[in-house]
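> Residue numbers (the working numbering), protein chains in the order written: chain A, 1 to 292; chain B, 1001 to 1226; chain C, 2001 to 2138.
No lab work stands behind these hints: they were computed from the structure.
Here the structure is a predicted model, which means the values were calculated and not measured.
Beta carbons are placed, not taken as given, at the ideal position from N, Cα and C, and that holds for glycine.
Where hints are given, some of them may not hold.
Computed list of chain A residues with no C-beta within reach of chain C, every gap over 10 Å [as the list claims (entries may be wrong)]:
no. : residue
1   : D18
2   : T96
3   : T153
4   : K230
5   : D256
Subject to a maximum C-alpha distance of 25 Å in a straight line, what follows is the list of computed DSS-like cross-link-like pairs (lysine-lysine) [claimed, not checked]:
no. : chain 1 : residue 1 : chain 2 : residue 2
6   : C       : K2049     : A       : K230
7   : C       : K2119     : A       : K230
8   : A       : K274      : C       : K2055
9   : C       : K2055     : A       : K230
10  : B       : K1133     : A       : K130
11  : C       : K2129     : A       : K230
12  : B       : K1144     : A       : K133
13  : B       : K1133     : A       : K109
Ranges between beta-carbon positions, derived for each pair [as the list claims (entries may be wrong)]:
no. : chain 1 : residue 1 : chain 2 : residue 2 : range
14  : A       : K151      : C       : M2091     : 52 to 62 Å
15  : B       : N1083     : A       : R79       : 45 to 55 Å
16  : C       : N2068     : A       : F283      : 23 to 33 Å
17  : A       : S217      : B       : R1219     : 53 to 63 Å
18  : A       : R209      : C       : R2115     : 51 to 61 Å
19  : A       : G63       : B       : W1081     : 48 to 58 Å
20  : A       : R209      : C       : D2031     : 29 to 39 Å
21  : C       : D2031     : A       : V253      : 32 to 42 Å
22  : C       : L2075     : A       : K241      : 27 to 37 Å
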Amino acid sequence: MIQVHVSKRLHTAEGPMDLVFSGTIEQGEFITLFGPSGAGKTTLLRMIAGLTTPDSGTIIVDGQPWFDSGRRINLSPRRRSIGMVFQDYALFPNLTVAENIGLALPREKRGVIVGELLEVAGLQELAGRKPDKLSGGQRQRVALARALALKPTILLLDEPLSALDLQMRLKLQDELLRLHQRYQPTTLLVSHDLSEVFRLSRRVFVLDRGEVTRSGSPTEVFSQSKISNKFRFNGEVVHIKPSGVVYIVHVLVGQDIVQVIASEREIATLKVGKRVLIASKAFNPLIMPLDE
Amino acid sequence: MNPDFTQTMILTFQVAAITTIILLVLGIPLSYWLAYTNNRSKTVVETLVSMPLVLPPTVLGFYLLVFFSPVNPVGGFLDSWFNLRLVFSFEGIIVGSVLFSLPFMIHPLQSGFGAVPATLREAAATLGISRVKTLFTILLPNMKPGILAGCVLSFAHTVGEFGVVLMVGGNIPGVTRMASIAIYDRVEALDYATAHQYAFVLFAITFAILLLVYMVNRRFARMELT
Amino acid sequence: MGSDMNSIPGTIAAIDTDGNLSLVDIEVTSDFRMSALIVETPEHCPWLKTGHKIKILFKETEVSIARNLSGQISLRNRFAATITDIRSEGMLAEITLERAGHQVVSIITSRSAQRMELKTGDQVEWLVKANEVSLTGN
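Please build the complete structure, drawing on both the sequences and the hints.
Take a look at the structure:
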C-alpha cells in the first residue's frame, strides 16, 4: 500500500502553483493521474520516484517511509523500488535492447530475466539492436521491459503512449494490461488521453492546477451516469462521415467499431478522438446467439 | 636529422601526451561536478578553471616558479619530503601544462556532460544503478565527441605552450626544452632554417590533429541524426 | 449532452413500476405531458421520484410525423405542433417542429416528406414511442 501526502510549490508560466496530493493506493492497483498539461501530474510522479523533492509531506510505501519531511527522510531514487517509463523513453543510446533491459540486474540473473522480458514484450528479434534503430512502439516496449526488470513495487508511467498513433496506442494499451496482470506492480500512469484512462485504470485522480478535483472509477468520474439508459458504453470517436442531413459517427468501443447516426447539432460537440458515452434504449437492440 | 630536433620533438609530444592523460583523469570528476552541482562555489571554481584563457602565461609561470622554488615553504616541503623539485624539471613543466590547459579539457567535458539528456541519468537512478556505473556505462559513452575534443585541444594546446614552460622549465635540452621554446631559441641564434623546421612540423601536426577531430565529430553528428 | 439531441425539461408527474420497468409520466407544461418506458425503478434511482425535475431525451430519428391522423394508435406520445423549418438533402429530411415554446426535431425520409407535402407553417402531429424516450436526472 502506498500512502502519499505531499505538497510542493511549483513555479509555472502563470505564476506560482501549489501542488497538493493526498491519496492511498492499494497493492497492485492501476491508477491514472489525468489532467491538462501543467496540472502537476508528472511532478507528482517524479516525487514518488524521488527525482523531485516535495516541500513537505510523507510518502510511505508498505509501511516504509520513502519521504518524510518531518523526520528528514528522503530516500534516493536508487533506494526506492520503482520502475519508471519516461515520456521520451530515456533509453540508453549506446546500449543494445538487451543491455538496456539488463543493465540494472545482477550478472547471475541477467540472462534469465532479460530473456523472459524480451519474450513477453515480443522483442527477441531486436535484442541486439541499438535504440536509434527502433520504431516508437518498439522503444516504448523496451522502456517498459526495462522498468519491469527489477520487479519494482511501483511502476510509474509518464505519458508513455502519447507519441504513438492510435493503432499502436491501442495495441500497446493491451500489452500494458497484460504485463500489469503478469507482474502486478502498483502502477501510476500519467495521461491526458481519456480513452487510455478508461481502458487501463480502475481508478483515476483528476488533477487541475495542482489539485485533485475528482477521483473515483473512470465511469464515475467522467460519465453522465445520471442517464436512465441501461444499454450504454464508453467509446472514442474515430471517424465522422457526413451523409445528407445526418452524420455517421464511428465509435471505438473496446475492440469494436460501432456506428451511430448523429444530427448536425450533435456533431457540433464531437470530434475525432473525443471520448463519448453512447446510449440506447434497452428496448432497441436485437439479441441473438452466435454460432459456436 | 638533427638529434637535438628529434629529442625536442619527442619531449614535446611526451609532455603533451602525459598532460592530456592527467587532464582527462582530473577533468572527468571535476567537469562532472561542475556540470551537475548546484553548489554555490561552482561559479568560483568555474572562474578559476577559465583563468588560463585570459591570464598571460608568464603570470602563471611566475607564480609557479616562486611557489615551487626550494626556498618557498611549499617547494621546500616537496623537495625535502618527496625529493620532487618542480622548477626547471620535467615534472615541473607537466604541472604547469596541466594547470594551463585545464580549461581546454574541462569546457568540452562539461558541455559534454550537459548535453547528455537528464532523463538518461534519472532513468539510471530509478533503476538503482550507482553513480560510478552510470558515469562509465551511460554518461561517458554518450559524450565521446566532448571527450575527444577535450583531449585533442589539451594535447594541441600543450604542444604549443610557451610562456609557462619557459618560466617554470627554462630551456634545458632533453629535459624542459619544448618545440615552441626551441623555435624562440633558434630565432635568437639567427638559425632560421632549424626554426622553420620546428615551426613547420608543429603547424602540420596541429593542422592534421584538428582536421581529424572535425572529421570524427562530423561522423558522430551524422550517427546521432540517423 | 444538453442541447444536441431532442432534449426537453420536465417534472415527473407519475411513476408506474412493474418489476424492473417503470412507465414515467412527465409534465413539460400543463397541456404537454410525455411518457417514458425505462428499465429503472425508484428504489435504485435517486432522481426517479414524483416531483423531480428531469430531462427527456430522444433521438431525432425516432420521431414520426402525422397529418390528419385518425383511428386508434398505441402511441402515448403524440402532440400537435407547427413546422418551423425543413431541410432536405439526399435520402433524409430534417423537420423542425415547435410546441409550447419547445423545439423538437424529426428526421424522416425525404420521400415521406415529399409524399406528405410538408412545408413550413404546416400544422402536424409528432409521435414517439414511450420505449424510445430516455430520462436523465440531475
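> Determine for every hint whether it applies to the structure shown.
For each hint, the structure was consulted:
no.	hint	in the structure
1	D18	holds, 32 Å
2	T96	holds, 52 Å
3	T153	holds, 40 Å
4	K230	violated, 5 Å
5	D256	holds, 21 Å
6	C:K2049 - A:K230	holds, 18 Å
7	C:K2119 - A:K230	violated, 37 Å
8	A:K274 - C:K2055	holds, 24 Å
9	C:K2055 - A:K230	holds, 16 Å
10	B:K1133 - A:K130	holds, 19 Å
11	C:K2129 - A:K230	holds, 17 Å
12	B:K1144 - A:K133	holds, 20 Å
13	B:K1133 - A:K109	holds, 18 Å
14	A:K151 - C:M2091: 52 to 62 Å	holds, 59 Å
15	B:N1083 - A:R79: 45 to 55 Å	holds, 47 Å
16	C:N2068 - A:F283: 23 to 33 Å	holds, 29 Å
17	A:S217 - B:R1219: 53 to 63 Å	holds, 54 Å
18	A:R209 - C:R2115: 51 to 61 Å	holds, 58 Å
19	A:G63 - B:W1081: 48 to 58 Å	holds, 56 Å
20	A:R209 - C:D2031: 29 to 39 Å	violated, 49 Å
21	C:D2031 - A:V253: 32 to 42 Å	holds, 41 Å
22	C:L2075 - A:K241: 27 to 37 Å	holds, 32 Å
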